[in-house]
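Undergrad: Chains as they are written, first to last, in our numbering: chain A, 1 to 291; chain B, 1 to 330.
Treat the hints with caution; some may be incorrect.
[Stated by the list, open to error] Dumping the calculated DSSO-like pairs for lysine-lysine here, alpha-carbon to alpha-carbon at most 27 Å: (1) B:Lys132 x A:Lys189; (2) A:Lys214 x B:Lys132; (3) B:Lys112 x A:Lys183; (4) B:Lys199 x B:Lys112; (5) A:Lys183 x A:Lys84; (6) B:Lys112 x A:Lys191; (7) A:Lys84 x B:Lys112; (8) A:Lys189 x A:Lys84; (9) A:Lys214 x A:Lys84; (10) B:Lys7 x B:Lys112; (11) A:Lys143 x A:Lys214; (12) B:Lys132 x B:Lys7.
Calculated from the structure, these hints are not laboratory results.
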Amino acid sequence: MIYEYLDIFISGLTIGSVYALMAVGLTLIYGVSRAFNFAYGSFYSLGGYIAWIFMVAIGLRGGYAMVFALAVPLLMVFGYLTEKAIIAPLRRRSDWEVKVMMITLGLALFMDNGFQVLFGPRMKSLPPIMEGVIVLGEVYITKQDMMIFVLSISGILAFRWILNNTRTGMAVRAVAQNPNGAKIVGIPKDKIFAATFGISTVMVGIGGILLAQKYFVSPMGGWDILVKSWVITAFGGMGSIRGSLYAAFLLGMLEAFVGYWFGMSWVLFALFAVLLATLAIRPQGLMGKWG
Amino acid sequence: MMNMNWKSMSAFMAVIFGVMAIMPLFVGGSDHLMHILIMCLIWAIVASCWDLIMGFAGIFSFGQVAFFVIGAYASAIFSIQFGINPVAAMFLAGMVAAACGILVGLPCLRLKGAYIALVTFAVHMILEPFLKSGMGRAIGTGGSQGIMTIPPMELFGIVFSADNKIAVFYAALLLAVVCSIIIMLVIRSFWGTAFLAIKDSKDFAASLGVSAFRHKLVVFALTSFLTGLAGAFYGHYVGMLSTRMLGIDLFVMLMIMLVIGGIGKFPGAILGAIITVTANEMLAPLGPYRPLILGAMVVVLVLLLPDGIIGLVRRFIPGKNPADSRSPSG
């Protein structure tokens, strides 16, 4: 019995780590530029499909290391250009916030159906990043789970490092704190917005590559991820990276245990209940900066 | 924000609905065209409600289709499970939608726009699994099959079923006119002014005693009621419901209506609905490419039509009264 719970705990830890990566990407883009990206889930699927193309369709040598090496710049450029093409032109208008939501929702529909036309409606499966299991007494941990956990945590740490130690990262933080002040001291605000969008695309895309091995890739598979990332972000506090981390692990556990006890179809209801309760009791989330 | 005045709004609406009213004279023989006209009117109600919420009240609600579906299912369940007369069931369904609107609005309307969008969209997202779940089946949603045999409305001996499209059309027209007048009254009343004040300066409005939260909640409930009513009407008209309505493509279509009509340019949304529903029918032969094109259309239209058709007309015709100047072509 206790081992069963340990298994679920490990599963929650694995999912939670990937959710953390994706939620941090989402909180970053909202925190820096106040843009609400409805296509976030489609970017997740995009990551999964990129991995599928390289791993299965082309059969690239070098495995997942090569996939990451190619996917990261690709996602970065995709995110950067998307921001430049469809979000930046809207910023001049007073109602840009809602326009951004609309345009990204349109983009999501376009991308999802694009995937369906290109790859067909059937789910695609990916080979695991690592075969084999580690046996610790009665507990079995698949190396795949461990690798997913390690990679997502390193992704978050890498992101933290970029944010704290590079000039771009510092500029991102400056823009998040005070866009006008940042502009006065000569930070190219528009470039930072686009770069932030690119970074968040990379984070969710990596999430897609990591989770696709466990849950397959499908054209409409991103919507769950969008809602979950948003619930985590709201629960942890919009704009707080540490809050998102805690929230992601808590909700990853919630998902694993609710899924185990009641069935997976209850997970969304449980998350929604958490969301409503959070907003009613503590609207700024666990440790939010922007209420 | 530039709003139309009372007169030009009424004139605009009179022209649109007047033209709609005589359409059956020309296309009354075609079942398919009458169906399109009916759908134009139903969506005009939903799009106008959404415009009232988003354009005037400044609430970024993404749950409009959800309330439409809640109304449709509630009315169908009332009339099938409890044998309530469909007309009464429609009003009850509107109340259910309004109650759901209040339940959703209470925790989130005090918060910033993005949170409201998130919560209302989450309602949309969980509605499908709910309707398909054991819980949903227990209240009579029919699970993944949906509801197949919804009784049509019957009033004064006229059966408003899919076999009698002319009758349904005029009933829809009446409903659309009534809803539009209610929305216009809200916009042109103290409420509309209050929302303008809240948008311009929330703190100053609050200091004058305008409670943003209370106003938003009431408008949220009202539009949920009207949207639910429209959904119920739709359900009794087509006679069957399924969760396919909750697909993102329908939601995006509603968004296109608003973008074409112009956000916060009220009677524009009616025109937007008519154009979008008609255009969507023309896209039907494209099959699987249709949602792809709908998505691309949103991106292009949001970028190119920042103020909708009305804004476009206003830019090219420097008249004082854009609604009147365009009405001959309307």
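Undergrad: Compare the structure with each hint and give your call.
TA: Hint by hint, here is what the structure shows:
Our distance criterion of 27 Å between C-alpha atoms is broken by Lys132 (chain B) and Lys189 (chain A), whose separation comes to about 46 Å. The suggested pairing of Lys214 (chain A) with Lys132 (chain B) holds, with an alpha-carbon distance near 25 Å, which does not exceed 27 Å. Note on Lys112 (chain B) and Lys183 (chain A): the hinted pairing holds, with a Cα-Cα distance of about 25 Å set against a maximum of 27 Å. Using a Cα cut-off of 27 Å, the hinted pair Lys199 (chain B) and Lys112 (chain B) holds, with the two alpha carbons roughly 13 Å apart.
Pair hint Lys183 (chain A) plus Lys84 (chain A) holds up; C-alpha atoms about 18 Å apart against a cutoff of 27 Å. Taking the CA atoms of Lys112 (chain B) and Lys191 (chain A), the gap is about 26 Å. The hint holds against a cut of 27 Å. Only pairs whose Cα atoms come within 27 Å are accepted, and Lys84 (chain A) paired with Lys112 (chain B) is accepted, the gap being roughly 25 Å. Only pairs whose Cα atoms come within 27 Å are accepted, and Lys189 (chain A) paired with Lys84 (chain A) is accepted, the gap being roughly 12 Å.
Only pairs whose Cα atoms come within 27 Å are accepted, and Lys214 (chain A) paired with Lys84 (chain A) is rejected, the gap being roughly 33 Å. Distance check on the hinted pair: Lys7 (chain B) and Lys112 (chain B) sit about 34 Å apart at the alpha-carbon level, beyond 27 Å; violated. For a cut-off of 27 Å, the pair hint linking Lys143 (chain A) to Lys214 (chain A) stands: about 12 Å separates their Cα positions. Annotation: proposed proximity of Lys132 (chain B) to Lys7 (chain B) is violated, straight-line Cα distance about 47 Å (limit 27 Å).
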